[in-house]
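Respectively, the protein sequence lines represent chains H and U. At the far end of the first sequence sits residue 469, using the working numbering, and the numbering has no gaps. At the far end of the second sequence sits residue 213, using the working numbering, and the numbering has no gaps.
Quick caveat, the hints were computed from the structure, so don't treat them as lab data. Check the hints yourself; a few may be wrong.
25 Å max Cα-Cα, derived BS3-like pairs, lysine-lysine [as the list claims (entries may be wrong)]:
(1) K417(H) with K71(U)
(2) K327(H) with K175(H)
(3) K327(H) with K142(U)
(4) K338(H) with K366(H)
(5) K366(H) with K3(H)
(6) K47(U) with K142(U)
(7) K47(U) with K88(H)
(8) K47(U) with K104(H)
(9) K26(U) with K417(H)
(10) K104(H) with K84(H)
(11) K360(H) with K388(H)
(12) K363(H) with K335(H)
(13) K104(H) with K238(H)
(14) K84(H) with K26(U)
(15) K142(U) with K417(H)
(16) K311(H) with K142(U)
(17) K363(H) with K327(H)
(18) K327(H) with K64(U)
(19) K311(H) with K47(U)
A short list of chain U residues far from chain H (calculated; beta carbon distances all over 12 Å) [what the hints assert, rightly or not]:
(20) E18
(21) G55
(22) N89
(23) S97
(24) G109
(25) R111
(26) H157
(27) L170
(28) V174
(29) P191
(30) D203
(31) S204
Every residue gets a Cβ at the ideal spot worked out from N, C-alpha and C, and that includes glycine.
The chain contents come next:
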Amino acid sequence: MAKNLFQKVWDAHAVRELSNGQTQLLIGTHLIHEVTSPQAFGMLRDLGIKVKYPGRTFATVDHIVPTDQREQPFSDPLADAMIKELAKNAEEFGVTYFDLGSGKQGVVHVVGPEQGITQPGTTIACGDSHTATHGAFGAIAFGIGTTQVRDVLATQTMALGKLKVRRINVDGGLKPGVYAKDVALHIIAMLGANGGIGFAYEYGGSLFDSFSMEERMTVCNMAIEGGARCGYVNPDDKTFEYLKGRPYSPEGDNWDEAVLRWKSFASDPDCKYDDIINISADEIAPTVTWGVSPDQGFSIEGVIPDPSVEKDENDRLSIQEAISYMKLEPGKPIKGTKIDVAFLGSCTNGRLSDFREVAKYLKGHKVSDGVKAIAVPGSQVVDLMAKKEGLDKIFSEAGFEWRAAGCSMCLAMNPDKLVGDQLCASSSNRNFKGRQGSPTGRTVLMSPVMVAAAAVNGYISDAREVFSL
Amino acid sequence: MTLAKYFHFNNFSNMALEKIKEVKGKAVYVQGNDIDTDRIIPARFMKCVTFDGLGEFLFYDVRKDAEGNDKEHPLNEPRFSGASILISNANFGCGSSREHAPQALYRYGFRAILAESYAEIFFGNCCGLGVPCAVASHENIKKISSLVDTNPDTEVHLDVANSEIIAGELTFSVDIPPGVREALTQGRWDPISELQEAGQAVDSLVNELGYTI
């Protein structure tokens, strides 16, 4: 019977059915970081359980690591203690740890692909909801909680109910100034923040065929913002080309065998889906959010919605609450809204290709007076490559602070935070209330090039106009 | 036993788990769709290596102002104090996978949640902690939230075994997936011991799959 990739990977990794009807699913690769793993290791220690497959477990520090201070002890003693705790756990349990001295540290979802750890046809779990990113390689990748991190450490498996699969076809080409991030935001605005509950998203169509691996990662990364627990793209020659020669990729005869196996996981041409959505790429505009949920987004030409015309009470309240928090007025265009901070980085848009694309246009421009602009590479490898190409200088000369690798102001667990009700043009993935570190801080999500345009003008702008795209 | 640091209740293989057949208590309505886990527990409170003490920071930034004074929020209203059932709307617990969110709810005193729908990672995290997440229709959420608002002392009874809410004169059925319901009512909601049983099958499958890492 013809199967889609999700069904193939699921069937290949199903150990058995559990008494509650869920599946005991083998997790091929387990990624861990400093924030959601300490309690899991604590439970293992107290129970006297070892990590079942330390060789299949990889750790790095990203969430709380400072991007302006790299030598311990860090100024935040709690952050310092958490990083020491991860180092201790990795050593005691024999887990590979990409620490700050390794040259490989970074946001866990940037590091996995970059090191060739993320491979097609496997299952990946990590105590972080943006684990969906790894689906770009044709893996089924789940964000999990800490008790499940314990389960995976202890057994290399977890209990999970099977998902339905929704195919999202995007056909055609993107207009100038429209990026993978806009595709992600467009899909979320269209299907809703809860539209994907119960589904895995399979992204396909000619746009995804033409996308680079980095672009595929950007869209899969935000599957979770659309409520889908995972998102993926079928593996193809681009996937294999990206992986070839990476530190953990197979070599020699093993490589050829692996490619054959990986190809076999791709969805069969006549397979069935539980739902199919078709989108035309040319409908997608540079997209920005206006509210406090990632589905509260629209074209850069959009005007702030009026809650009073909403019939449903909860929808009306959601809009009212969002615009009141965001301090935006109904009927006014989003374009022209003053910004205080510009943030470039995160597991959504912190890869080399993102900085390259922005650098192309930023050269010769200056960040507007009064705007704090930071560029945070997704990993030490991205940082190094960007510096080799001189990208860091382009950013610095324009007025961006070029920082060291980490999650930084995406969730602001490190010292990179908004202050008061500052408004941030951000290439990250969440515009929740308080997300960027200040309980009244405001976030407007957009593509990296749009962040650069906002930084240059000092207000939310159409990058196509600012950079003549 | 240091495990108490991590959980205030049984959550490991060598001890019997509580059979959660029902949850009874006062309820409180926290209105809104898409209430995310950043709102439930802001990220800065996750700088910890245990889940201890997270209860006091539950919904912190919507409950407290910059000086730490109470803002208008149902959890700050004395009439709802001691509530053990949280009522909300659609897509509750969306966003970050942080288990700190259900841990904070549990440690604050909530033993069950009633909402229109849940984000899946949050739902799974709650199941593993023995906190039932029941799904009710939009209309029934309206009815029960209005009842609780009018009479906050109403005892709300979530009958897990029969997937039913009974609150004063109001009775309606709720949805709890059958597997989850059985796991809760039979005291099998923490899967670790069952997962561990299949150790050899896991080893065989790893060999069979021919991973290159």
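Quick rundown of the hints versus the structure:
no. : hint                 : result
1   : K417(H) with K71(U)  : 23 Å, holds
2   : K327(H) with K175(H) : 31 Å, violated
3   : K327(H) with K142(U) : 29 Å, violated
4   : K338(H) with K366(H) : 16 Å, holds
5   : K366(H) with K3(H)   : 52 Å, violated
6   : K47(U) with K142(U)  : 37 Å, violated
7   : K47(U) with K88(H)   : 17 Å, holds
8   : K47(U) with K104(H)  : 23 Å, holds
9   : K26(U) with K417(H)  : 38 Å, violated
10  : K104(H) with K84(H)  : 18 Å, holds
11  : K360(H) with K388(H) : 15 Å, holds
12  : K363(H) with K335(H) : 23 Å, holds
13  : K104(H) with K238(H) : 23 Å, holds
14  : K84(H) with K26(U)   : 42 Å, violated
15  : K142(U) with K417(H) : 38 Å, violated
16  : K311(H) with K142(U) : 15 Å, holds
17  : K363(H) with K327(H) : 32 Å, violated
18  : K327(H) with K64(U)  : 19 Å, holds
19  : K311(H) with K47(U)  : 41 Å, violated
20  : E18                  : 16 Å, holds
21  : G55                  : 15 Å, holds
22  : N89                  : 6 Å, violated
23  : S97                  : 4 Å, violated
24  : G109                 : 20 Å, holds
25  : R111                 : 17 Å, holds
26  : H157                 : 24 Å, holds
27  : L170                 : 19 Å, holds
28  : V174                 : 17 Å, holds
29  : P191                 : 4 Å, violated
30  : D203                 : 9 Å, violated
31  : S204                 : 9 Å, violated
In this structure, the earlier hints numbered 2, 3, 5, 6, 9, 14, 15, 17, 19, 22, 23, 29, 30, 31 are contradicted, and the remaining ones agree with it.
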